[in-house]
Structures are given as structure tokens and as C-alpha cells.
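**Q** Each chain, written out:
Number of protein chains: 2
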Amino acid sequence: MKNFNEHNITAAVQARVANATSPRIREISDSLVRHLHTFLREVRPTEAEWAAGIDFLTRTGQMCSATRQEFILFSDTLGASMLVDAINHPGGDGATETTVLGPFYVQGAPEFPLGADISEGLAGDRLLIEGNVKNTAGEPIGGATIDIWHSDPDGYYDVQGPADAPLNMRGRLHADAAGNFWCRTIVPAPYPIPNDGPVGQMLEHQGRHPYRPAHVHFMIAADGYETLTTHVFLSHSPYLDSDVVFGVKDSLIHPLEKLPAGTSPGGHPINQPIDLMRYNFVLSKQRK
Amino acid sequence: MKNFNEHNITAAVQARVANATSPRIREISDSLVRHLHTFLREVRPTEAEWAAGIDFLTRTGQMCSATRQEFILFSDTLGASMLVDAINHPGGDGATETTVLGPFYVQGAPEFPLGADISEGLAGDRLLIEGNVKNTAGEPIGGATIDIWHSDPDGYYDVQGPADAPLNMRGRLHADAAGNFWCRTIVPAPYPIPNDGPVGQMLEHQGRHPYRPAHVHFMIAADGYETLTTHVFLSHSPYLDSDVVFGVKDSLIHPLEKLPAGTSPGGHPINQPIDLMRYNFVLSKQRK
Chain A
1 MKNFNEHNIT AAVQARVANA TSPRIREISD SLVRHLHTFL REVRPTEAEW AAGIDFLTRT
61 GQMCSATRQE FILFSDTLGA SMLVDAINHP GGDGATETTV LGPFYVQGAP EFPLGADISE
121 GLAGDRLLIE GNVKNTAGEP IGGATIDIWH SDPDGYYDVQ GPADAPLNMR GRLHADAAGN
181 FWCRTIVPAP YPIPNDGPVG QMLEHQGRHP YRPAHVHFMI AADGYETLTT HVFLSHSPYL
241 DSDVVFGVKD SLIHPLEKLP AGTSPGGHPI NQPIDLMRYN FVLSKQRK
Chain B
1 MKNFNEHNIT AAVQARVANA TSPRIREISD SLVRHLHTFL REVRPTEAEW AAGIDFLTRT
61 GQMCSATRQE FILFSDTLGA SMLVDAINHP GGDGATETTV LGPFYVQGAP EFPLGADISE
121 GLAGDRLLIE GNVKNTAGEP IGGATIDIWH SDPDGYYDVQ GPADAPLNMR GRLHADAAGN
181 FWCRTIVPAP YPIPNDGPVG QMLEHQGRHP YRPAHVHFMI AADGYETLTT HVFLSHSPYL
241 DSDVVFGVKD SLIHPLEKLP AGTSPGGHPI NQPIDLMRYN FVLSKQRK
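Residue numbers (this note's numbering), protein chains in the order written: chain A, 1 to 288; chain B, 1 to 288.
I should point out that these hints are in silico values taken from the structure, not numbers from a laboratory. Note that the structure is predicted; figures quoted are calculated from it, not measured. Watch out, some of these pointers could steer you wrong.
[Unchecked claim] No farther apart than 25 angstroms at their CA atoms in a straight line, the calculated lysine-lysine pairs in the DSS-like style are these:
hint, chain 1, residue 1, chain 2, residue 2
1, B, K285, A, K249
2, B, K249, A, K2
3, A, K134, A, K288
4, B, K249, B, K134
5, B, K134, B, K2
6, A, K249, A, K134
[To be verified] If you want a taste of the chain A side facing chain B, the calculated C-beta under 10 angstroms gives, among others:
hint, residue
7, S29
8, S31
9, L40
10, T46
11, G53
12, D55
13, T60
14, F74
15, T77
16, A80
17, M82
18, I87
19, E130
20, N132
21, Q206
22, S242
C-beta atoms are modelled at their ideal positions from N, C-alpha and C, and glycine is treated no differently.
All chains, full assembly: derive it from the sequences and hints.
**A** So this is what it looks like as C-alpha cells:
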């Protein structure tokens with residue numbers, strides 16, 4: 001096979017991937033080639049434009065590090081992450097709605113006992129999080145593992161600080177036998193996604209702001225259930241209608257409640273006034 | 001805008017890029033989003049598959065260096081580079097056909113006088129290259145700049161050696177007033193594209209070999225003409241029908257001629273038997 005032109009090259013590349021080592025790799029390769037070529041035929045890039053695209057992808061990869069994932073930002077800001085999320089979690093079964101993982105999840109976050117201050121004493125408005133984990137039948141999921149992470153009042157995550165800074169505003173809890181969990185931390189702020197790299201340049205050229213509304217990330221896992229990856233968005237936050245990564249759903253927007261000193265709704269002592277986020281999570285039974 | 005699902009997210013992202021800073025950026029962004037989402041809806045990746053895709057792109061970027069361009073290999077092996085080439089150089093005007101630039105072009109290659117040995121004395125079968133540069137009206141293009149680069153007899157380019165190795169098998173010549181150029185070097189070999197990175201893994205999973213037929217790269221530039229980026233493929237080489245980057249065209253396949261000691265067809269003295277590559281190049285007038 002040779003003498004390829006605009007009209008015959010796509011079939012030639014499809015033929016070349018027809019002997020892939022698995023049907024799934026063949027299916028993905030074939031689809032990728034067709035849609036990539038359709039995009040190119042539609043856009044008709046000049047050679048300089050295609051070189052700029054190659055350079056963009058190269059710089060995006062090279063911006064990635066242990067604490068920065070620029071290709072996740074690229075996927076998030078093009079709506080690809082939310083589309084993959086929607087395909088995998090169509091909802092409708094009564095479980096808590098899902099949203100993007102985002103680039104700031106860290107495996108192996110520190111474990112905390114229930115009630116601990118996962119901000120490790122950082123300055124900021126104090127926040128009490130009280131949650132509950134149930135299944136779609138309304139039964140509590142005792143012992144569920146809850147990963148929580150969020151930004152500081154300036155909109156930065158721990159991993160955006162110096163490389164040797166400790167992890168904070170990030171922790172793993174285990175629900176009690178009734179499926180309840182609680183911890184203390186500080187109120188997060190809206191923030192721009194990291195925009196000093198290629199994705200920031202893309203947003204600027206696309207005439208878009210880089211902001212996300214204030215939110216707390218939750219990843220909740222338990223044996224026999226689909227792992228839930230979601231956020232709770234603060235209802236007073238700006239950008240709820242223009243989240244740069246398209247992650248907001250009405251069911252995930254929740255008000256903070258101002259509590260006076262005393263006892264919280266979950267029965268925990270409060271020494272001074274504090275903001276409360278109280279949200280109940282519902283997990284789907286594991287598929288297949 | 002919120003509450004995005006599989007059915008409404010594409011329009012939402014399209015709306016978000018509608019205020020791009022230029023009509024071209026809007027057009028490219030809009031098309032990219034539509035085709036990326038169509039690919040995802042068709043393939044329906046699991047979250048693990050999409051994470052593997054993000055990881056592949058990240059590793060592809062991180063494999064790139066001053067002398068390795070893994071994203072060009074990705075574009076080349078998916079036929080995207082040849083498609084962009086075909087879109088930009090539809091041919092049919094009598095000019096020499098074009099093919100991919102490839103990842104081994106280096107700006108600022110050493111300049112050589114006509115007749116020099118651009119291999120810098122490397123071991124290998126000696127090759128005399130004699131060429132001529134004309135326009136589509138058959139007029140010589142005196143003074144045209146000719147960049148030439150090729151692999152060694154083991155299939156490696158200079159830049160694939162140690163970082164401090166000198167550039168060789170690579171040079172810039174200037175045609176004489178009659179449009180003629182000539183130089184000496186060694187006969188290149190077929191070779192696998194660099195396959196110790198993500199693109200090599202992709203080819204393996206796709207059940208493809210990584211080879212290119214033996215060829216010499218030419219980039220020929222002159223004021224008032226479209227720069228010609230092409231190869232001359234050696235007609236005795238394997239892989240002419242299965243070039244991993246889809247670059248072969250019949251008009252670019254050319255035999256080497258065995259010359260005895262004496263005088264070459266171009267009138268140059270030959271001290272010992274040598275292989276001759278004699279090819280005449282035709283440039284198109286610059287567009288617009």
C-alpha cells in the first residue's frame with residue numbers, strides 16, 4: 001500500500017490496525033483514526049498549525065509532574081472528563097450524582113480518626129463536615145472509606161505548594177457502623193485551575209475564564225459498591241453556572257449552615273461558631 | 001449552565017468556545033470538541049481506559065527531548081502527518097510529490113560545499129547524490145537551498161547517538177546557477193522508527209511492524225517557491241509497501257545506479273565504484 005492522498009489514507013490506516021492484539025484495541029484504534037482524520041479534513045490545518053498542535057501536546061505532557069496533571073486539565077476543560085463520567089455513571093438509580101476526579105487527587109492521603117481536623121490547623125473559616133453513607137435501598141454502609149480533599153481559602157491545594165510542604169486539607173476517614181463520618185477543616189474557596197501552562201493558554205485564546213466554584217471533593221468506596229467520585233459545591237459560590245470543567249449538578253450544590261457554639265446536628269460538640277456542611281451520600285451496588 | 005450529561009455536554013462546550021479570540025481558534029476548538037466527543041460516545045471508554053489514554057499522552061509528551069519527538073511519531077503512525085501533507089500539497093501541478101518531515105529534521109544543519117562528504121567519513125557503502133532543482137516551467141532554480149538527512153547503514157540517525165556526538169549524514173547545500181547540486185555520503189538502511197516509547201507500545205498492541213523503507217530526506221527551499229519536503233526511497237528496499245508512516249509514493253521510489261570509477265553522469269570524478277542516486281526535483285511557485 002502506497003500513494004496515499006486525502007481520500008484513501010484513512011482506509012489504509014484502518015487496514016493497518018485491523019490485526020490489533022485485541023478486539024478492543026482494534027475498535028479504539030479504528031475509531032481514533034476515523035475521528036482524528038475527520039477532524040483534520042474539516043479543519044484543514046496548515047503545516048504550521050499542525051506543528052503548533054504537536055507543540056501544544058508536547059508541552060502539555062512536559063508540564064505534568066507528580067503533582068500536576070496538565071492532560072487531565074485538558075480533558076476536563078474540553079468536557080471530555082465529564083462526558084466519560086456521564087457515560088460510566090448515567091445515574092437514575094437514586095445514587096449520589098458523580099462529577100470529575102480532577103487533577104488534585106493523591107493516592108495514599110493520610111488517615112484520620114473521625115472528628116479530626118484534616119486541615120492540620122491551617123488558618124481559615126472553620127468548617128465541620130458531617131456526612132452519611134447509604135446504599136440505594138437506604139441501608140447504612142458502615143466502614144465505608146471516605147477520601148476528602150479541597151482547596152485553601154486562597155484557592156490552592158496542598159500539592160500546589162512547595163514540593164516539601166506537608167499534605168493537608170486532604171484525608172481518609174472510615175464511616176462508623178451507622179455509615180456516619182465527620183471531620184473538621186477550613187472553608188475552601190473558588191479558584192482558577194492551574195493556568196500557567198498550555199491549558200491556561202488555550203483557555204485564554206478561547207476567551208474563557210479558568211475558574212471553578214468552591215467545592216469539597218469526596219471519593220467514597222465500600223466493598224460491593226461502585227466507588228463514588230463527586231464534589232459538594234458551596235451554594236454561595238460564584239461560577240456555579242460557568243465551571244470551567246463543566247462539573248456542576250444541581251443535586252451537588254449545598255448550602256453551608258452557620259452553627260453557634262453548642263452541639264452539631266450530628267451530636268458533636270462545638271466550642272465556637274462554625275460553618276457546617278451536612279450531606280448524605282448514596283452508593284450504587286457494584287455492577288456485574 | 002450546569003447538569004451536563006452525555007446528550008447536552010457537547011453543545012455546552014461548543015457554547016463556551018464561541019467567544020474565542022479569533023474565528024480560526026473558534027473553528028478549530030469547535031471542531032476538536034465535536035470530534036473528540038463523537039469519538040468518546042462511540043468508544044464509550046471505561047474510566048480506567050480513559051485514565052490509560054491520559055497516561056499514554058502524558059508519557060508521549062515526556063518522551064520528547066531536543067532529539068526525540070514522540071508526538072510527531074504518534075501523528076506519523078496514525079496517518080495524520082500524511083493527511084496534513086496531502087491537504088497542503090494536493091499535487092497535480094507537475095511539482096515533485098511531498099511526504100512527511102519526520103521527527104529527525106534538525107534546524108541549523110552544517111553547511112557544505114557542493115561535492116562534500118556529508119557523512120563526515122562514516123563507514124558504509126559510498127553514495128553519490130546528484131540532483132537538479134527546477135520549477136514547473138522547467139527553468140533551473142539556481143541557488144536553491146537543499147537540506148539532506150538520512151540514516152546510517154544500521155538505520156540510526158546521528159541524533160539517536162550519544163548527546164555529544166557530532167551531527168553527520170546531515171547537511172545543507174546550495175545549488176549552482178544551473179540548479180545542480182551534488183554531494184557524497186553513505187547508503188542509508190531501512191529502519192524501525194524509535195520504538196522504545198509509548199508509540200512503540202501502541203504499534204505492538206496494534207499488531208504493526210515499526211519499519212520504514214530506506215530513504216534520503218530532502219527539504220528544498222528557494223525564494224518565490226513552496227518549500228519542498230520529501231524523500232527519495234531506494235527501490236531495492238523492503239517495506240516500500242508497508243511504511244509505518246504511510247509516506248511512500250511511486251514517484252519518489254528510485255533505483256540506485258552502480259557506477260564504475262571514472263566520471264559520473266553529472267561530470268564528477270569517481271575514484272572507486274560508487275552507488276549513484278540521481279533525482280531531479282521540481283518546485284511549485286509560491287501560493288498567494
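**Q** Next step is simple, just say for each hint if it's right about the structure.
**A** Quick rundown of the hints versus the structure:
Between K285 (chain B) and K249 (chain A), the direct Cα distance comes to roughly 56 angstroms. Violation of the 25 angstroms bound is thereby established for this hinted pair. With a C-alpha separation of about 6 angstroms, the suggested pairing of K249 (chain B) with K2 (chain A) holds against the 25 angstroms cut-off. Under the criterion of a C-alpha separation no larger than 25 angstroms, the hint pairing K134 (chain A) with K288 (chain A) is consistent with the structure, at around 20 angstroms. For the hint linking K249 (chain B) to K134 (chain B), the alpha-carbon distance of about 20 angstroms falls within 25 angstroms, and the restraint holds.
For the hint linking K134 (chain B) to K2 (chain B), the alpha-carbon distance of about 60 angstroms lies beyond 25 angstroms, and the restraint is violated. Note on K249 (chain A) and K134 (chain A): the hinted pairing holds, with a Cα-Cα distance of about 20 angstroms set against a maximum of 25 angstroms. At about 6 angstroms, the closest approach between the beta carbon of S29 (chain A) and any beta carbon in chain B falls short of 10 angstroms, and the interface hint on this residue holds. The interface hint given for S31 (chain A) holds, since its Cβ lies 5 angstroms from the closest Cβ of chain B, which is under the 10 angstroms cut-off.
The closest approach between the C-beta of L40 (chain A) and any C-beta of chain B is roughly 5 angstroms, which is under the 10 angstroms cut-off, so the hint is satisfied. At about 6 angstroms, the closest approach between the beta carbon of T46 (chain A) and any beta carbon in chain B falls short of 10 angstroms, and the interface hint on this residue holds. Restraint check, G53 (chain A) versus chain B: the minimum CB separation of about 8 angstroms is within 10 angstroms; hint holds. Below 10 angstroms, beta-carbon pairs count as interface contacts, and D55 (chain A) has one with chain B at about 8 angstroms; its hint therefore holds.
Nearest Cβ of chain B to the Cβ of T60 (chain A): about 6 angstroms, under the 10 angstroms cut. The hint holds. Taking 10 angstroms as the C-beta cut-off, the interface hint given for F74 (chain A) holds, the closest approach to chain B being about 8 angstroms. The beta carbon of T77 (chain A) comes within 9 angstroms of a beta carbon in chain B, closer than 10 angstroms, and the hint placing it at the interface holds. At a threshold of 10 angstroms, the smallest CB-CB gap from A80 (chain A) to chain B is about 6 angstroms, leaving the interface hint in force.
Given hint, M82 (chain A) at the interface with chain B, holds; its Cβ is 5 angstroms from that chain's nearest Cβ, closer than 10 angstroms. Given the 10 angstroms rule on beta carbons, the hint for I87 (chain A) holds: about 5 angstroms separates it from the nearest Cβ of chain B. Interface restraint check: E130 (chain A) against chain B, minimum CB-CB distance 25 angstroms, threshold 10 angstroms, status violated. For the restraint placing N132 (chain A) at the interface with chain B, the shortest Cβ-Cβ distance is roughly 24 angstroms, beyond the 10 angstroms limit, so the hint is violated.
Hint on Q206 (chain A) holds. Least Cβ distance to chain B is approximately 5 angstroms, under the 10 angstroms limit. Residue-level restraint check for S242 (chain A) holds (minimum Cβ-Cβ distance to chain B is 7 angstroms; threshold 10 angstroms).
The earlier numbered hints that this structure contradicts are 1, 5, 19, 20.
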